[in-house]
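Student: Each chain is listed here by its residues.
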Amino acid sequence: MPLTKKDYTSDQDVRWCPGCGDYAVLAAVQTFMPELGIPRENTVFISGIGCSSRFPYYMETYGFHTIHGRAPAIATGLSVTRPNLDVWVVTGDGDALSIGGNHLIHAMRRNVNLTILLFNNQIYGLTKGQYSPTSELGKVTKSTPFGSADYPFNPVSLALGAECSFVARTIDSDRAHLTEILRKASKHKGTKFIEIYQNCNIFNDDAFIALTGRDTKKLNQIRLEHGKPVRFGPNNERGVTASHDGTLRIVDVEEVGEDRLVIHDERALDAAHAFALSRLSHTPTGPTPIGMFRQVDRPTYEELLDRQVAQARQKGPGDLNRLLRSGDTWDVVA
Amino acid sequence: MAAPKTVQEIDKVVIRLAGDSGDGMQVTGDRFTNATAVLGNDLATLPDFPAEIRAPAGTLFGVSGFQLHFADHDILTPGDSPNVLVAMNPAALKTNLGDLLPGGIVIANTDAFEDRNLAKAEYTSNPLTDGTLQDYQLFEVPLNKLTLGALEGIKGLSQKEALRSKNMFALGLLSWMFSRPVEGTEDWVSRKFGSRPEIAEANVKAFRAGYAFGETTEVFTHSYSIKPAKLAPGTYRNVTGNTALAYGLVAAGERSGVQVFLAGYPITPASDVLHELSRHKSFGIKTMQAEDEISAAGAALGASFGGSLGVTITSGPGLDLKAETISLGISVELPMLVFDIQRAGPSTGMPTKTEQADLMLAMYGRHGESPLPILAPRSPSDCFDIVLEAARIALKYRTPVIVLSDAFLATGAEPWKLPDVDELPDLSRVFEFTTASNHESGEFWPFLRDPVTLARPWAIPGTPGLEHRIGGLEKSDGRGDISYDPDNHDRMVRLRAAKIAGIARDIPAAEVTGDADADVLVLGWGSTYGPIRAACRRVRTKGHKVAQLHLRHLNPFPANLGDVLRSYSSVVIPEINLGQLLRLVRAEYLVDAHGYQKVTGAPFKAGELESVLLHHLGGAS
Ligand SMILES: Cc1ncc(C[n+]2csc(CCOP(=O)(O)OP(=O)(O)O)c2C)c(N)n1
Ligand code: SF4
Numbered sequence: 001m002p003l004t005k006k007d008y009t010s011d012q013d014v015r016w017c018p019g020c021g022d023y024a025v026l027a028a029v030q031t032f033m034p035e036l037g038i039p040r041e042n043t044v045f046i047s048g049i050g051c052s053s054r055f056p057y058y059m060e061t062y063g064f065h066t067i068h069g070r071a072p073a074i075a076t077g078l079s080v081t082r083p084n085l086d087v088w089v090v091t092g093d094g095d096a097l098s099i100g101g102n103h104l105i106h107a108m109r110r111n112v113n114l115t116i117l118l119f120n121n122q123i124y125g126l127t128k129g130q131y132s133p134t135s136e137l138g139k140v141t142k143s144t145p146f147g148s149a150d151y152p153f154n155p156v157s158l159a160l161g162a163e164c165s166f167v168a169r170t171i172d173s174d175r176a177h178l179t180e181i182l183r184k185a186s187k188h189k190g191t192k193f194i195e196i197y198q199n200c201n202i203f204n205d206d207a208f209i210a211l212t213g214r215d216t217k218k219l220n221q222i223r224l225e226h227g228k229p230v231r232f233g234p235n236n237e238r239g240v241t242a243s244h245d246g247t248l249r250i251v252d253v254e255e256v257g258e259d260r261l262v263i264h265d266e267r268a269l270d271a272a273h274a275f276a277l278s279r280l281s282h283t284p285t286g287p288t289p290i291g292m293f294r295q296v297d298r299p300t301y302e303e304l305l306d307r308q309v310a311q312a313r314q315k316g317p318g319d320l321n322r323l324l325r326s327g328d329t330w331d332v333v334a
Numbered sequence: 335m336a337a338p339k340t341v342q343e344i345d346k347v348v349i350r351l352a353g354d355s356g357d358g359m360q361v362t363g364d365r366f367t368n369a370t371a372v373l374g375n376d377l378a379t380l381p382d383f384p385a386e387i388r389a390p391a392g393t394l395f396g397v398s399g400f401q402l403h404f405a406d407h408d409i410l411t412p413g414d415s416p417n418v419l420v421a422m423n424p425a426a427l428k429t430n431l432g433d434l435l436p437g438g439i440v441i442a443n444t445d446a447f448e449d450r451n452l453a454k455a456e457y458t459s460n461p462l463t464d465g466t467l468q469d470y471q472l473f474e475v476p477l478n479k480l481t482l483g484a485l486e487g488i489k490g491l492s493q494k495e496a497l498r499s500k501n502m503f504a505l506g507l508l509s510w511m512f513s514r515p516v517e518g519t520e521d522w523v524s525r526k527f528g529s530r531p532e533i534a535e536a537n538v539k540a541f542r543a544g545y546a547f548g549e550t551t552e553v554f555t556h557s558y559s560i561k562p563a564k565l566a567p568g569t570y571r572n573v574t575g576n577t578a579l580a581y582g583l584v585a586a587g588e589r590s591g592v593q594v595f596l597a598g599y600p601i602t603p604a605s606d607v608l609h610e611l612s613r614h615k616s617f618g619i620k621t622m623q624a625e626d627e628i629s630a631a632g633a634a635l636g637a638s639f640g641g642s643l644g645v646t647i648t649s650g651p652g653l654d655l656k657a658e659t660i661s662l663g664i665s666v667e668l669p670m671l672v673f674d675i676q677r678a679g680p681s682t683g684m685p686t687k688t689e690q691a692d693l694m695l696a697m698y699g700r701h702g703e704s705p706l707p708i709l710a711p712r713s714p715s716d717c718f719d720i721v722l723e724a725a726r727i728a729l730k731y732r733t734p735v736i737v738l739s740d741a742f743l744a745t746g747a748e749p750w751k752l753p754d755v756d757e758l759p760d761l762s763r764v765f766e767f768t769t770a771s772n773h774e775s776g777e778f779w780p781f782l783r784d785p786v787t788l789a790r791p792w793a794i795p796g797t798p799g800l801e802h803r804i805g806g807l808e809k810s811d812g813r814g815d816i817s818y819d820p821d822n823h824d825r826m827v828r829l830r831a832a833k834i835a836g837i838a839r840d841i842p843a844a845e846v847t848g849d850a851d852a853d854v855l856v857l858g859w860g861s862t863y864g865p866i867r868a869a870c871r872r873v874r875t876k877g878h879k880v881a882q883l884h885l886r887h888l889n890p891f892p893a894n895l896g897d898v899l900r901s902y903s904s905v906v907i908p909e910i911n912l913g914q915l916l917r918l919v920r921a922e923y924l925v926d927a928h929g930y931q932k933v934t935g936a937p938f939k940a941g942e943l944e945s946v947l948l949h950h951l952g953g954a955s
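In order, the protein sequences belong to chains A and B. Anchor point for the first sequence: position 41 equals 41 in my numbering, and the numbering is continuous, going up by one each time. Take the position in the second sequence, starting the count at 1, then add 334; the result is the number in my numbering.
Possibly wrong hints are sitting among the right ones.
[Stated by the list, open to error] To be clear about the criterion: a stretch of chain B counts as covered by chain A if any three or more of its residues have a C-beta under 8 Å from a C-beta of chain A, and this derived list gives those stretches:
#1 370 to 382
#2 523 to 530
#3 554 to 568
#4 640 to 653
#5 799 to 812
[Stated by the list, open to error] Some residues of chain B that are not near chain A, with every Cβ distance over 12 Å (derived):
#6 Ala534
#7 Ile619
#8 Lys751
#9 Glu777
#10 Ala843
These are computed hints drawn from the structure, not numbers from a lab. Each residue gets a CB set at the ideal place from its N, CA and C atoms; glycine is no exception.
All chains, full assembly: derive it from the sequences and hints.
Tutor: Put into structure tokens, the structure is as follows:
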């Protein structure tokens with residue numbers, strides 16, 4: 001009997017605030033899992049700390065709710081020693097990019113075979129509303145009554161800079177798009193970094209309204225499609241062209257002509273194109289690319305380590321007696 | 335050819351080599367140690383190197399030393415004071431002469447005693463000629479000149495490279511002086527420099543020249559020989575504590591059937607364990623150089639979650655960083671090994687020097703009530719056994735275990751009687767992976783405990799039907815759901831504590847050696863074993879009665895420890911910290927023990943502990 005969403009739903013009460021975007025992501029993932037065809041027991045969700053990091057409790061799979069920021073490190077240890085498992089990391093913007101920034105970039109650099117879901121709500125939810133490393137400059141919160149003085153990260157730019165082999169962005173409320181990205185991720189070997197814009201209706205409501213609002217979303221969502229010119233707008237009237245300095249610019253297609261639009265190439269080995277796209281918007285208050293930024297093939301960390309073990313064993317498995325007796329030994333006789 | 339020289343038999347000697355950190359003193363010392371071990375002497379070593387990788391040549395702070403004690407009987411320490419000092423330059427002489435025994439031998443590289451080096455060593459006159467050395471036997475050897483002379487004509491060898499072989503000349507000389515075999519060293523040179531034949535040739539030639547110099551020159555009238563020690567029969571090798579830890583991990587993997595995964599971040603003096611283990615992938619072992627200590631601990635715990643033996647290795651400051659992850663390991667109750675090679679702190683402290691001051695950190699350095707087992711090896715070779723014991727406890731009780739080694743054990747070497755591999759503990763019997771539901775309801779309860787060990791089941795991802803979630807949030811007893819119930823938390827805290835305390839039933843009772851009817855008991859832990867034991871021997875030869883107890887299990891303590899301590903009228907606890915075991919023992923057993931503490935970055939000397947004991951024994955010191 002094929003599994004269903006229900007099979008992936010644990011018996012634990014889900015305790016997010018009513019209206020939180022996390023529910024939508026949970027539902028989308030639970031619905032998508034059966035499609036993977038991976039035995040449920042081979043699936044593991046690992047998270048850090050934050051509202052979104054409660055996620056593993058709600059999945060009827062193996063799960064590990066760990067410590068703040070460290071999920072990528074813990075997941076790396078699991079994936080390296082059990083490469084056949086399907087390991088997911090669930091993290092928030094504070095979890096992944098503040099306290100866990102180091103582990104996140106190194107997991108991506110190593111190309112550990114993980115699916116990382118970064119729930120970006122541009123705020124700290126669990127600790128009740130402090131600004132996060134993705135909050136906009138000047139953000140007024142409890143810890144920044146005069147506005148934050150630090151400039152935000154752009155998670156997609158960061159992932160690209162960290163050599164991530166699969167980088168995508170999607171939105172909590174767009175189930176179809178989110179599922180499409182998960183589907184693509186499931187076919188990729190290595191680190192899958194998926195930024196999910198997630199609405200925290202309690203502490204940062206409508207942060208993504210430009211992309212999710214009924215009136216604004218058509219104006220602002222730049223849907224990336226591999227091999228196609230980058231165009232958007234209610235009537236596809238806007239597009240993206242390259243400037244002489246390598247940066248990208250949003251233009252009216254009519255003004256510049258269709259031929260001048262850049263063609264999206266998610267498979268480009270050089271991350272420069274994807275990076276330039278990621279710079280089109282920083283915090284999404286205007287036109288913002290959504291979709292696959294980059295997907296390139298590179299051996300995973302697990303594969304490279306397995307290969308070393310296999311090579312070392314070509315001459316036969318290790319022999320403890322021989323190892324202990326290696327080097328200079330001598331015998332004492334009675 | 336000069337007349338054959340006499341060979342004088344002695345029972346032991348302590349040699350110290352000292353030179354610039356670029357002079358190759360550690361390599362020379364290692365090599366001499368191996369040649370000595372092969373002869374069957376008992377030995378102990380104490381490498382002592384500066385924190386600077388390449389300190390400016392000739393400076394006082396750049397001196398690198400290596401001390402070797404070897405004997406025809408079993409010895410316990412690298413020796414308090416050298417009989418022989420090889421001084422490659424004035425700075426080496428100045429920083430080491432104070433330790434040399436009166437009447438001891440100084441072999442000085444006279445070529446290095448020129449004005450510039452003398453000034454760098456802050457000598458205002460030449461100690462070789464100004465009477466400084468009048469109480470010693472001075473042998474002047476122009477090492478630079480002799481080495482260059484011996485290497486003349488080797489093609490492709492620069493003068494700088496030739497001069498670098500002067501440590502091999504010194505090694506050759508020592509090998510003659512103490513009747514060490516030469517073959518092993520020559521093989522070793524060709525292995526080490528195989529890719530640079532001219533360097534290999536230079537090293538062998540310098541070594542032979544040094545040996546011949548000893549044999550022929552008028553300077554030396556005789557050489558020494560030391561008979562093999564009467565050690566228990568068996569096959570031996572030399573081992574340092576760090577190598578023994580790595581081998582212990584290989585053995586733990588082989589004897590448990592569990593994959594070993596070690597993640598570490600480079601830090602002195604722990605790095606060598608990562609280096610050594612990384613070479614043994616043919617055992618299926620995986621190692622990882624993590625981005626930091628936190629990640630290393632996390633990766634180890636992740637591996638343990640997956641059914642491996644996760645191991646992480648570090649030194650003082652790194653243990654601080656791992657604390658949060660270790661707490662998580664305690665909360666989720668998974669096996670994990672944490673090796674801390676203690677070094678002098680706080681903070682960066684003196685990274686190449688030894689100390690045993692992380693006991694309190696291991697014991698209490700985590701938030702909440704978070705007890706875990708703590709073990710400490712007492713000698714370099716004991717590092718091997720302690721890993722097997724730590725793995726046994728971790729696997730059986732599903733808990734992180736901290737092993738406290740230290741810089742002295744890490745780099746010090748001793749002969750190790752190799753174990754029979756088949757007789758090592760069978761760790762596959764101490765645990766099993768859970769594969770079926772464990773509750774009468776047919777459900778799997780991840781926190782339903784074994785009634786005896788109180789360990790929870792280890793059901794690893796990939797096992798059908800046992801899907802479950804763990805994490806740092808408090809869980810309900812048994813079923814393991816998230817629980818904020820106050821009474822449940824109280825129960826869980828006590829259960830975790832009881833699990834660790836219960837390990838006391840499963841470890842050897844504290845065993846006292848020495849005089850059964852002594853009044854004074856000396857209690858120690860970790861690397862102070864050798865010096866304490868040597869000091870006890872000394873006071874006993876002076877007619878005193880003394881008993882020794884050395885702890886390998888520091889948490890929980892052996893079940894009979896309180897009774898043992900209370901049966902002596904006086905307990906003395908020497909430690910290389912400001913009294914950490916002392917405090918634990920006093921708090922736990924209300925025993926009015928006396929401490930003796932010293933934190934100079936160096937191990938205890940047997941002689942100083944002897945005076946301490948004599949004081950407590952009421953004898954004149
Ligand atoms: C070591 C540590 N420091 C701080 C915290 C407190 N803390 C918990 S979650 C969190 C931030 C969470 O924000 P984010 O990752 O954006 O997740 P969200 O709650 O918004 O989903 C913080 C600071 C902690 N649990 N552990
Ligand atoms: S605080 Fe925000 S992120 Fe957290 S559960 Fe509530 S709505 Fe969701």
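Student: State the violated hints by number, sorted upward, taking the hints as numbered earlier in the document.
Tutor: 2, 7, 8 and 9
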